[in-house]
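Student: Got chain X; can you put chain P on it based on the hints?
Protein chains: 2
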Amino acid sequence: MTSTRFTGAAFTDDREREALAKIARARATALRAPHFRDEFITMAHGAGGKATASLVGGLIAPAFASAALAALDDAALVDVGDVRLAITTDSFVVKPLRFPGGSIGDLAVNGTVNDLAMVGARPLALTLSFVLEEGVASDVLRAEVDAIAGAARVAGVEIVAGDTKVVERGHADGMYVCTTGIGRWDSRAQLSPTGLRPGDRVLVSGSIGEHGMAIMLARREFELDSEIVSDTRSLWPAADALLELGAELHCMRDATRGGVATVLNELAVASSVTVVVDEARVPIQPAVVGACELLGIDPMYVANEGKFVAVVAPQAADRAIDLLRGITGCESAAIIGDVTADPTGMVLVNTSFGGRRVMDLLVGDPLPRIC
Amino acid sequence: MTSTRFTGAAFTDDREREALAKIARARATALRAPHFRDEFITMAHGAGGKATASLVGGLIAPAFASAALAALDDAALVDVGDVRLAITTDSFVVKPLRFPGGSIGDLAVNGTVNDLAMVGARPLALTLSFVLEEGVASDVLRAEVDAIAGAARVAGVEIVAGDTKVVERGHADGMYVCTTGIGRWDSRAQLSPTGLRPGDRVLVSGSIGEHGMAIMLARREFELDSEIVSDTRSLWPAADALLELGAELHCMRDATRGGVATVLNELAVASSVTVVVDEARVPIQPAVVGACELLGIDPMYVANEGKFVAVVAPQAADRAIDLLRGITGCESAAIIGDVTADPTGMVLVNTSFGGRRVMDLLVGDPLPRIC
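Going down the list, the sequences are from chains X and P.
Per this note's numbering, the very first residue in the first sequence carries number 15; after that it's consecutive.
Per this note's numbering, the very first residue in the second sequence carries number 15; after that it's consecutive.
Derived by calculation from the structure, the hints in this document are not laboratory data.
Note that the structure is predicted; figures quoted are calculated from it, not measured.
Warning: the hint list may mix true and false statements.
Copies of the same chain look alike in the list, so a pair counts if it fits in one copy or across any two.
Under the rule of at most 25 Å between Cα atoms (straight-line distance), these lysine to any residue pairs were calculated in the SDA-like manner [what the hints assert, rightly or not]:
no.	residue 1	residue 2
1	36	163
2	109	77
3	36	204
4	109	183
5	109	54
6	109	156
7	109	32
With the rest of the complex left out, here is chain X:
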């Protein structure tokens, strides 16, 4: 099976095409102008999928007449004087606080740094705000402070401001951490979630699903021994490398909550295109495949904390892969699919068994509190 099969329009059956187009129109309407009708907040609203999109797009964002926020990108671009800044914020509520490959402190730095990197901004400074639980051991806090300091050094960012609050026993799980990142936009970056064009190639920067599965296994709710390690790391070196492609790099997005599937759906809707993924080409470690099969979870929906999706012009795809494979953590970067024109706003998967299916946004929350 080669990738060429998925380039351009592959819909020979008119009826299938018509049915998909109908679904696509309904989806696009729902995602672009979402209504929020739920009476109560549920865990699904935090999962990064459909419910999150309706909460953010239907309740939160409309209250703020903000062009930067309306873009719903990983980070906002804000001009101050002659400087274009990127600004992003994230709260971290991962459970457990420490897991193979990292901890909440690593995530708090890398997750925020990566949102800056994805809009083409060099991370400069972070703020750090703790909500601590009364009774948490000082050594637990000290370990996270050290993890944050270490990850910040590696990522080349300075912690410039902080805050600490304490809530009563039982009202936070050890700690919640909120980081906000400030970066300086790199003028080589011509990136936009609306920038996907038919013919573009879709890349992932490495093997997927490790972070989410590492967290699931660390909770020990399942009788499963495995050596899956979180992929948490700063993506700025990889993003910096890809920015060499200039205008041929159309979009980057890190595949965190909701996984690669969610990112591709968001981009397909934003750009009014369809993304066709060749399942067999998606790099996944055998241990992750095994754990996902046992738990009945599709790895395309599992969170990553050190992997991203990039969409590039067709002529730049091979160069992009070469650039990525030279960066630590991106050795298994791969072209996984293509952008087509029709229908709009869908993600289709050509499965390893030769079938084709729609890959929708995540519904519900099979993997709560993974970041």
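Tutor: Frame of chain X; chain P shown alone:
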């Protein structure tokens, strides 16, 4: 009783002077190079007093080799290109979420905007991160989103980026909110917590203690009916007015957790001076005095969310008061004390009854989760 009584050195008794100097040296050592030796985090670590100072100064800040953070100012100043930015962050965990005069949404905007204003930076943009509790009513969230949008409009800031996480029932009290603020430093501002000089006058921008007492009474733990309303508001208009004083304005600091007493202690230590407060001149609403007396709380330690301390050169004090009284919310601005040289790092209060006492940092947490 006039303020002149407190100008300059008022220590005629050599023994008293010697004893105070000894206490002052020990305090300064403890506050400048604090040790953190507690085994567990307690509510006191979130109260803004001594325990918070030891946690931040002894455990958190030393891990980050950051000049901006080491300053421990309300907001960090960071140069990006030719632009000097101010950056600050705060988590809000106030209980209850709504109270007379405001709500967690108002605090989340005003508290962060005010930290920018206090370093002389015009607030430009805010980020907004929610940790929501599973099961919270959507209308409760909607009310806070609306409060945030309203307060942001009044303060003239744009919400540019956001994040939403959900934790299980019982693991957050409805919601916690983290806001980070970006401002542009105003070049008229020559402010520093180390900028207090003997002879300077100490001002408060209005009557104190309203926010903390409004929260305490809203909890209905006490049988006390009162009409105390939180003073939450943006302080940028007042700060902007005072910046007209240029280099004669030495320092501003909003008197939030730990109240005016904590701010004065921090400034006295940072500048190696003593602040002498004339208790009778501190503006306090009668209802706040009454509630504080009934609950046995010193209003100087009660949090404000719309009042600040300013320290100005002696010749600028009257002009500062005139400027402040022209700003809504600052009508009762007053000179409350003076800066003296000796002993260093102390705050002394001349009481309304003619006595004198040391006003130390807050110990413990009589008013938990007021912001």
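Student: Now look at each hint and say whether the structure bears it out.
Tutor: Now for the hints, and whether the structure bears them out:
1. 36 x 163: neither (50 Å within a copy, 36 Å between copies)
2. 109 x 77: For residue 109 and residue 77, only the inter-copy Cα distance (24 Å) is at most 25 Å; the intra-copy one is 31 Å.
3. 36 x 204: Neither. Shortest intra-copy (32 Å) and inter-copy (62 Å) distances fail the 25 Å Cα cut-off.
4. 109 x 183: For residue 109 and residue 183, both the intra-copy (16 Å) and inter-copy (15 Å) Cα distances are at most 25 Å.
5. 109 x 54: both (23 Å within a copy, 20 Å between copies)
6. 109 x 156: within (17 Å within a copy, 27 Å between copies)
7. 109 x 32: Classified as neither; 44 Å inside a copy, 54 Å across copies.
Taken one by one, the earlier hints fail for this structure at numbers 1, 3 and 7, listed in ascending order.
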